Every structure is written in C-alpha cells, then in structure tokens.
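Each chain is listed here by its residues.
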Amino acid sequence: MNILISTPLRPFAGGQHVLQVEAGTVGEAIRALTGAHPELRKHLFTPEGKLRAFVNLYLNEDDVRYLPDRENTRVSAADSLSIIPSIAGGTGHPGGRALIILQPAGEAEIWN
Amino acid sequence: MSILRLPRFIYDEIRAHGEETYPQECCGALLGHPAAEGWRIVASVRSGNTRTDSAHNRYQIAPVELVHIQRTARRQGAEIAGFYHSHPDHPPQWSPTDFAEAHWLGCSYVITEVAQGKAGRTNSFLLAGTTEEDKHFEDEAIVMDDERIGAPSA
Numbered sequence: 089m090n091i092l093i094s095t096p097l098r099p100f101a102g103g104q105h106v107l108q109v110e111a112g113t114v115g116e117a118i119r120a121l122t123g124a125h126p127e128l129r130k131h132l133f134t135p136e137g138k139l140r141a142f143v144n145l146y147l148n149e150d151d152v153r154y155l156p157d158r159e160n161t162r163v164s165a166a167d168s169l170s171i172i173p174s175i176a177g178g179t180g181h182p183g184g185r186a187l188i189i190l191q192p193a194g195e196a197e198i199w200n
Numbered sequence: 011m012s013i014l015r016l017p018r019f020i021y022d023e024i025r026a027h028g029e030e031t032y033p034q035e036c037c038g039a040l041l042g043h044p045a046a047e048g049w050r051i052v053a054s055v056r057s058g059n060t061r062t063d064s065a066h067n068r069y070q071i072a073p074v075e076l077v078h079i080q081r082t083a084r085r086q087g088a089e090i091a092g093f094y095h096s097h098p099d100h101p102p103q104w105s106p107t108d109f110a111e112a113h114w115l116g117c118s119y120v121i122t123e124v125a126q127g128k129a130g131r132t133n134s135f136l137l138a139g140t141t142e143e144d145k146h147f148e149d150e151a152i153v154m155d156d157e158r159i160g161a162p163s164a
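Chains D and X, in that order, are what the protein sequence lines are. Going left to right, the first sequence walks through residues 89 to 200 as the numbering used here numbers them. Going left to right, the second sequence walks through residues 11 to 164 as the numbering used here numbers them.
Just so you know, the hints here were simulated from the structure itself, not pulled from any lab data. Remember, predicted model here, so these are calculated numbers, not experimental data. C-beta atoms are modelled at their ideal positions from N, C-alpha and C, and glycine is treated no differently. Warning: the hint list may mix true and false statements.
Chain D regions said to be covered by chain X (calculated; three or more residues, Cβ under 8 angstroms) [unchecked claim]: (1) 89-95; (2) 128-142; (3) 153-164; (4) 171-180.
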C-alpha cells in the first residue's frame, strides 16, 4: 500500500512524498514505515508509544481513530494511508465575547 | 531570515478571504515549492473553519480536508508549504494558541490582521525546529512579485 507523507515529516522519510510498504493492517503499515525510517517514530509517537494527539492517520477517506478496528483495520495494496498533522490556532483572544475553554486533547488511545 | 515568495493575486486572495469571513477567522492552505531561502507559493486553497463554536478567535482545518488538499498539491506537482489565517481585530502576530497548535515544521504560517472588516498588515512566520520540543516561530519576510512588503518586525 502507499503511505502519503506530509511536508513536515518528509525530511524524516528519506525526502519521499509517497512510500510503499507491504502490510496487512494499518498498524503493520506504520511499523513497516518506522522500521524503514526510525527517525519518524519520535514525530508520530509519544515517548510512551502512543500516537501523538495532533497526528492524524487517514485510511483513504477515513480517520483511523474512528474505524471499528482502528490500527487492526485490514488494508489492501490499493489503499492509501495519509499521515497528516493537524492545523489549528487563532488569536485565542476573547475580544469581548465569551471565551470557550476547551479540554486539552488527550493522547490517542490506540497504539498502546 | 527566510523569505516567503507570494504572487500578488494570492496575497490579495488571502486578505480578501479574511475580510469575507470577518468577524470570524478565515483559514486556508498554501501550495508551493521549496526554494533556497524559503517557500515559493504557487496556489492557495480556501478551507472551512471547523471551529464554529468559537470561530471569532479560533480556526481549525478538518484533517480530511487536509488529506484532499495534499492530494491536490501532489497532482499539481507542488506540496503544502504552509497555511494562512486571519486575526479579526487583533495584531498579525502569532498567538500562544497559534504556537501550541502549530505542528507543520518547516512550513510558513501567514497571519492577516482584519481590523473592523478591513485587511491590515499581513505577516509570515516560519515554524522552525526539528521536533515538537524545539519548535519555534521565526519572523519571515514576504516578497510579492519581487517586491518586499515587509517582515513581522518591520
């Protein structure tokens, strides 16, 4: 299957935009990727081995976090896995309006 | 200091987007190519702001939209070079929220001030560093059609 590497991760993946791995599941694909490019590991996982909260994995159009089998989801050679960091921000300034306080995002529970 | 090269029509498009969404924040992606001194932008893509609960002071681009934008970029032989968003009635400097939520190392973050509905200053910041632990924003000069229009400190 193809793994699509986003801009900030490319320097740690041999400069490649797309990498091909042989894998039966999403988890196997990620392990194959980080096995071939160990520098990627610290960018994808916390020191405790959990997927960083801001790293999104999309199997084709689907967020892996919300797939029933998550990292154990079966994949085929025709599938594409996108690794894409989140993008967000803003002034964070209340500007005279109600400031909505959000709970900080926890680390993903998959990849334990 | 790195340089972000922007065609004038993209610079104008970013600012127009900010005026259209005022008093809410706009956001979008910048597609381009790496150059010796920074990114050379060739296209911009408007995105929806999914932070509808607090769009006046927050923005977020849906990850699935990023997946689509990334595919579009690759089809055009380009890559996601950075992002832009607006600061309604707020200076065009990165905020603690911007920094905390910035994860695209090596990419440009363009911020346009929109004061009372009119686009003001537009700045760019490079997210430098090699990890989440040492990331930091650096001021970046914007050069538009070979005309330098300033840097955040200017």
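Taking a Cβ-to-Cβ distance below 8 angstroms as contact, does the segment 89-95 of chain D have at least three residues touching chain X? Our answer is that it holds, as 3 residues pass the Cβ test (under 8 angstroms) against chain X, meeting three.
Assertion that chain X covers the segment 153-164 of chain D - criterion: three or more residues, beta-carbon distance below 8 angstroms: violated (count 0)
Does the segment 171-180 of chain D contain three or more residues whose Cβ lies closer than 8 angstroms to a Cβ of chain X? Holds: 9 residues of the segment 171-180 of chain D have a Cβ under 8 angstroms from chain X.
Verify the coverage statement for the segment 128-142 of chain D against chain X, using a C-beta to C-beta distance below 8 angstroms and requiring 3 or more qualifying residues. holds (count 4)
The structure is inconsistent with hint 3 alone, although it conforms to all the rest.
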